[in-house]
Every structure is written in C-alpha cells, then in structure tokens.
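Colleague: One letter stands for each residue in the lines below.
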Amino acid sequence: MSTHPVRFVVTDDLRRSRLTVFFRLLLVLPHLIWSTIWTYAMFPLIAFQWLWVIGAGNMEEDVHRFIGRFVRYHVHIHAYLLLLANPWPIPNGREGYPIDMELAPPERQNRLTVIFRLILVIPAYVFMVVLNTVLYVIGFLGWFASLALGRMPQGMRDLGAYCLRYQTQTFAYLLLLTPRYPSLAGSAAASQPPVEQPPVEVPPEPEPYT
Amino acid sequence: MADAPLTQASADTHPIRLVNNDDLKRNRLTVFFRLILAIPHFIWLTLWLFAMYLVSWVFWLIALFKGRLPDGIHAFVSRFTRYSTHVYAYTSLLADPFPGFMGAAGTYPMDLEIDGPQQQNRLGIFFRLLLAIPAFLLAYVLRLLMNVLAFVGWFYALFTGRMSEGIESLGAYALRYEAQTFGYAFLLTGNYPSLGGAPTA
Chain A
3 MSTHPVRFVV
13 TDDLRRSRLT
23 VFFRLLLVLP
33 HLIWSTIWTY
43 AMFPLIAFQW
53 LWVIGAGNME
63 EDVHRFIGRF
73 VRYHVHIHAY
83 LLLLANPWPI
93 PNGREGYPID
103 MELAPPERQN
113 RLTVIFRLIL
123 VIPAYVFMVV
133 LNTVLYVIGF
143 LGWFASLALG
153 RMPQGMRDLG
163 AYCLRYQTQT
173 FAYLLLLTPR
183 YPSLAGSAAA
193 SQPPVEQPPV
203 EVPPEPEPYT
Chain B
34 MADAPLTQAS
44 ADTHPIRLVN
54 NDDLKRNRLT
64 VFFRLILAIP
74 HFIWLTLWLF
84 AMYLVSWVFW
94 LIALFKGRLP
104 DGIHAFVSRF
114 TRYSTHVYAY
124 TSLLADPFPG
134 FMGAAGTYPM
144 DLEIDGPQQQ
154 NRLGIFFRLL
164 LAIPAFLLAY
174 VLRLLMNVLA
184 FVGWFYALFT
194 GRMSEGIESL
204 GAYALRYEAQ
214 TFGYAFLLTG
224 NYPSLGGAPT
234 A
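Same order as they appear, the protein sequences are chains A and B.
Throughout the first sequence, residue numbering follows the working numbering, covering 3 to 212 in sequence.
Throughout the second sequence, residue numbering follows the working numbering, covering 34 to 234 in sequence.
Among the clues, some could well be false.
A few chain A positions that, by computed beta-carbon distances, are all more than 12 Å from chain B [claimed, not checked]:
id : residue
1  : 138
2  : 157
3  : 168
4  : 186
Examples of chain A residues lying across from chain B (beta carbon under 7 Å, computed) [said to hold, decoys possible]:
id : residue
5  : 53
6  : 139
7  : 187
Treat the hints as calculated values from the structure; they're not laboratory data.
In this text, a Cβ means the ideal position worked out from N, Cα and C, and glycines have one as well.
Chain A on its own, in the form it takes in the complex (with noise of 0.2 Å):
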C-alpha cells in the first residue's frame, strides 16, 4: 500500500507540565476563538475550490498550502486540548509541532468524486465520530493521568494521535487537499523522536573465494 498523502509526525516526548494541564481548557480559549473565525473565513474559498477542482481537476499548489495550514493548525490544537503534547501551538498551521501533520505536494483529481465529495465521505465521517469518542474519553482520562504522573502515558497518547489522525485525513478528504481516502491501517514508522544508537561496528566482508 503507498503511503498516505496525510501522514503524522509524533516526536512528543510524553512529559506534561501539570500546571498548563490543569489549566488546559483555559489555555486553549484564545485558540478556540481564532480558529472559529478561521473556519468562517474558509467556507467561501472551500466552496470556491469546490468549483474550482471540478474545472481544473487538480489545486493550485498556494491554495492547496494554505488549506494544509488550516488543517494542520487543528491538529496543534486538538493535540494541545487533549494532552497528546505539550507545547502552546503558534496560531499560523506552520510544521514542527511535537504532534504535526504532513502533507504531500497536491495531486490530480477524479471529478466525479470531488462533485460526490460530501456523499462519499459520509463512511469516514461516521468513523471519524466514534474515533472522535474515543480521543475525547482519552483526553479526560489523560487529564488525571497527567497530573498525576507529570506524563501522559504512552498507550494512551499513540491512541489519541491515531484517532487524531484518521480525523485529519478524513478533513483532508473532505476539503479536497487529497483524493485518497483516510486510513484505517495504522504506521509504526517515524512517529518516534529519533533515538540516537551507539555507532554499530560492521565486520569486514570475508573476501570471496576464488
């Protein structure tokens, strides 16, 4: 199976500041409020790319970063609300987030199924619901993990990141960033920080018989 065009990056090192955890719904507010308005502002170039995809068959490349942007800043803030890391998000969507999405360059699209776009996502959108359940349990259970521990626990945190993922994909989906559908198969690569490994010494090749 090819990689997903949708991919997460998890580099968080599961440590957690009990101070901003208590506090998380609070911290949050300002974060919530400036991606409600984001999310009004998108509706008319979401409708217009709509339009646009159904013409051309593909996104211009700006467009389609801007709307990565919008989409990644929702993962920063989800993550940040439900303890899968740590770090205040910058409001801007930009990479290097402990919890990060990315997001391949913008592909060609099948017409036909960005005009049943809505239609078809409806299955990932019923997915997405019951994994949506299960992050916001893990976000609750997480908060008195966290406070109490200082450290969110891993189980939990790779769970959260992977119903977190398959939300983005399916947004991603539905604002046409990708013409592939969300991923229920999950990915043990790259989601670790890089450990560093003692340099591993290689013997020398026996030389070949003659």
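Chain A is fixed; fit chain B onto it per the hints.
Modeller: Positioned in the frame of chain A, the structure of chain B alone reads:
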C-alpha cells in the same frame, strides 16, 4: 513513512494477550446471516454471564482471603473470558469460524493467551470494581467503535469475501482491551488493562 499493519497485541507482556491467526477470508453466506447464527452463543453467553455475576462475589472473597484466585477458579474464569472473546470476535466479523461453546484455548483464530494465577495486592482486590471504572469507560467506548467497525465490515466482507486489514487490526485492539478489562474485573490478573500496542499515527 510507510503504512504498516498495526502493532500486534500479542507482542505485549500483559498476562492476558490476544493471538490473532485470522486469515481475513470470510464466507459471504455466514457473514450475511452472522447475527442469526450467533443467537445460540448469545443465549449461552448470557447464561454464563449470569452465573459469573452470582459466583464472582464468592471468588472475590476467596481472592481477598488468599491474595490470588485458586487454580481451578482461575481456569474457569479464563474459559469464560476466552469464550466471550471468541463470541465477540465472531459477531464483530473479526474471525470466520463458528466458535465452540467451552472457551477452550487454541480453538479459535482470535484467541486469548492467559497466564496462570499470580499473587495480587489485597487492597487492589478489595477496591477492584472501583479501580476498574476508568477501564470500563474506555472499554465501553471501544465496544461502540467495534460495533461501528462490524457494521461497515459487514458490507465490506459481503462485497469482497474478506475483511479489511485496517478494520480487523483496530477491532482486535479494541477486543483485546475489552478482554483485559474483563480479566482485571474478574480478578484473573492484577495488571491494569493496557493501551500498549496501540495503533500509532
């Protein structure tokens, strides 16, 4: 970053592990009638569950006194937990064959490996039901997820004759968490249900 199968639950070190030997192939006829075919199991599972509720108080007192479940009781509760896993795997389309009724080990593609009884903290046993509440909450949500997966998987299996690997991996993860929660609540183990082996983003 390449997509890969979810981390297998059997790889973790929890005393209750899920072993997944399913080949993803599905018989369309039994998939179509799955809920009807499962009725005898629903009846038997309900009876067994009722019996468990009646005797689990006695088991709780014995465990509280001894600090662990006696071997015979542990084997009985293991069979019940394993049987419920087989039935849920069958009804959620995570496996294809019709399960046996006795919860015997090694008889089903989606099976449980359960370690022998361990000494447990008596305080942990005393407050077990209270301690299990967060796990039950999560298990409940994961059960909801499994039902949705089964619903979508039903159409998928009917059309393709096989189960989607993504659906099965996530379903197996949820099923394992549920089995570990049962095992913890029914005193099979003192280890809290593990979210380890979670699908990663």
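Colleague: Can you name, in rising order, the numbers of the hints this structure does not satisfy?
Modeller: Hints 1, 2, 3, 4 and 5 are the ones this structure does not satisfy, whereas the remaining hints hold.
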